[in-house]
Amino acid sequence: MNRQSKSSIKLSVLAFAIFAFAPFSVFFAQTPSKQPEVPVKRKVWKNANRIKNESETPAEKSITVSANVNISLCVEGNLKVNGWERNEVRAFVSDGSQVGFAIIEKGKQNDGPIWIKILGFDPAVNKENNPDECLSGDTIEIDVPRGASVNVKSNTSEMRFDSVAKVTVENGGGDIFFNNIARGIEARTYEGDVTVEGSSGAMSLQSTTGNIIAFDVSSGEIGDIFKAKTSNGAITLKNVGQRQIEAGSNTGSINFNGKFLSGGQYSFGTSNGSINLSIPPDSSLKMFASYGYGSFNSEVALQNVERNAPSRLQNLSAQMGDGNATLKLTTVNGAIRIKKQ
Amino acid sequence: MRDKCFEIGVIQAFLDGELASELSENVARHVALCDDCAILLAEAEDETAFAFSALESELNTLVPTQRLWSKINDSIEKKERTFWEKLYAFVSNPTSIAFASILVVFGVFIGILNLQSNEPKKSVAQNVQNKQIPVLPVSKSETNIAQNSQDADLSEIKITESNPEKRDYKVVKTKFEKAKESPKINKQSNSNIKTPEVKTNYEPRMASENLSGEDSYLKTIAALTKTVDNRKDETLKPSARFAFEKDLAVIDDAIGKMQTEVKKNPKNETAKEMLRASYQNKIDLLNSVSEKSELMASLR
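So the sequences go chain by chain: S and Z.
Using the numbering used here, you'd call the opening residue of the first sequence number 1 and step up by one each time.
Using the numbering used here, you'd call the opening residue of the second sequence number 342 and step up by one each time.
Source of the hints: derived by calculation from the structure; they are not laboratory data.
Wrong hints could be hidden among the right ones.
Below, computed lysine-lysine pairings styled on BS3-like, alpha-carbon distance capped at 30 Å [claimed, not checked]: (1) LYS578/Z x LYS328/S; (2) LYS560/Z x LYS227/S; (3) LYS328/S x LYS567/Z; (4) LYS286/S x LYS605/Z; (5) LYS578/Z x LYS604/Z; (6) LYS80/S x LYS127/S; (7) LYS328/S x LYS259/S; (8) LYS578/Z x LYS52/S; (9) LYS61/S x LYS117/S; (10) LYS573/Z x LYS227/S; (11) LYS117/S x LYS127/S; (12) LYS578/Z x LYS605/Z; (13) LYS227/S x LYS587/Z.
Nothing here was measured: the structure is a model prediction, and the numbers come from that model.
Hey, can you work out the whole structure from these sequences and the hints?
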């Protein structure tokens, strides 16, 4: 093989290598070993302009609405929402913002709006740029039809709701009280207590740092669930009539005083708190209790008691009466105490 | 002087320049004074001259080695070759051709892998082999992911978007509802800012076979902790912060205890259930801080 033929072979190999690599160079270029860290653009929040009521008299307005109107609002201050017999919403604010209404949706029949928003300004008057929608003031009172559903958000407020159909609340801090709510409550406060009295419907009550208290509540429909959860606080339930109850607290205790209804499912769990039950001696339930570093004590006679302690964690199953309801008790460090009513 | 005469071997070595300098000086000094030695030296010179003349052709022939040639050629080429000549030289090397062939095969392999990885993600849960479904924050655009899953349990996943009503901001709220054992998150955090690593009082260990789905809990907790670490200072007041840290410590203690129980007896179903509950409690607690900060931001 002479020198010229050797050179031609080498050139051929070079050409092959170039053509073979060309398509894959795209992949190499598109496949970096580490994804670039793209800084996420955080939303720049523009503080809304609070429209202050300059008048010497408190701001007050009303609007005719449907009997089952949905009402949305955000507030900053003490709020009282009260149900009344009129198909009308009245908003009153003292020492604070103005009041206005925005109709989100009108009813098909001529019976007024079915969804409104209560504003901290009057949209018909205030044309300012980016006005604050939140009502703010020392006292904020809202009167709504009894069939109304109220949806409230707040940064920090103490709230009271009385005699309305349904309430959904999210509160950054502050206590919330409910009384005579007909068709359910969904409440969340991050710092504060939640208290429910004389209400019915499905309920979800949550607090991060605060107690949850519910008494004389019942289900509005079959299958309504009662949920209560707090991280740092006690849960006290008295005469809670829902057939499915779930209650959990990390560092607080759970106190239940009432009856376990036939077919009901009840679950109480804590990490560090005790579980205290005060029940009728003729209760009918199957009980499954797990307690690790705590104790179990029952004043009520238990049947078919089976203990199982595979380790430090102890399991106990027992029955009262016919065992119609199911009760599950779980605590890691707390004690379980069952007392007679 | 005669007794100091040198032997013929020393004289020959003197001629060949093989003597040490001191001895060589002595020989030279002696030869200059001794006629006998001078004669010996002259004879040796004659013989050496005769021998060199006879072997001249052989002695003057250079026989460089192949390695020497290569070095010489390389040094010449280094001075004279252009870029293309260097490239040609690289390619013409058999070792280079072999290396290039390996690269081609490797390139094909990487290319195929890349094509597979560039396909759109079809399912978060596709790789889940057990029945514990990890419910991690997923963006709205990925809410159809569960539909493609072949896992039977995924049919139970409900994805609901709630609360579309907001002002000039947009917070995607994706709610996953799944089996009791799965970690549940109600809202998705939008923060991707890097924070210090998760600090826990219990020993965070890798998910083991003892508790199915544990890894998804740990991942969720790690992700939430990063978010919360960023926000808790601005979100929580000192009293709330204290309560938060206290609760976190209590939950971590519970997790640690249950981990120990599960480790001792992997068949202890009660301990497993309580461990899952403790994980979920921690997720809920961390999530509450995240949700609060979102609420505060939305009302600003």
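Results for each hint:
For the hint linking LYS578/Z to LYS328/S, the alpha-carbon distance of about 35 Å lies beyond 30 Å, and the restraint is violated. Between LYS560/Z and LYS227/S the CA atoms are separated by roughly 26 Å; this keeps the pair inside 30 Å, and the hint holds. Distance hint between LYS328/S and LYS567/Z is unfulfilled; the C-alpha atoms sit about 34 Å from each other, more than 30 Å. Under the criterion of a C-alpha separation no larger than 30 Å, the hint pairing LYS286/S with LYS605/Z is consistent with the structure, at around 29 Å.
For the suggested pair LYS578/Z and LYS604/Z, the alpha carbons sit about 38 Å apart, so the restraint of at most 30 Å is broken. Among the hinted pairs, LYS80/S with LYS127/S is consistent with the structure: their alpha-carbon atoms are about 28 Å apart, no more than 30 Å. Taking the CA atoms of LYS328/S and LYS259/S, the gap is near 15 Å; set against the 30 Å cutoff, the hint holds. Taken as a hint, the LYS578/Z and LYS52/S pair is honoured in the structure, with Cα atoms around 28 Å apart against an allowance of 30 Å.
Restraint check for LYS61/S and LYS117/S: the C-alpha separation of about 13 Å stays at or below 30 Å, so the hint holds. Straight-line distance between C-alpha atoms of LYS573/Z and LYS227/S comes to about 26 Å, which keeps the hinted pair within the 30 Å bound. Distance hint between LYS117/S and LYS127/S is fulfilled; the C-alpha atoms sit about 17 Å from each other, no more than 30 Å. Distance hint between LYS578/Z and LYS605/Z is unfulfilled; the C-alpha atoms sit about 40 Å from each other, more than 30 Å.
The suggested pairing of LYS227/S with LYS587/Z holds, with an alpha-carbon distance near 23 Å, which does not exceed 30 Å.
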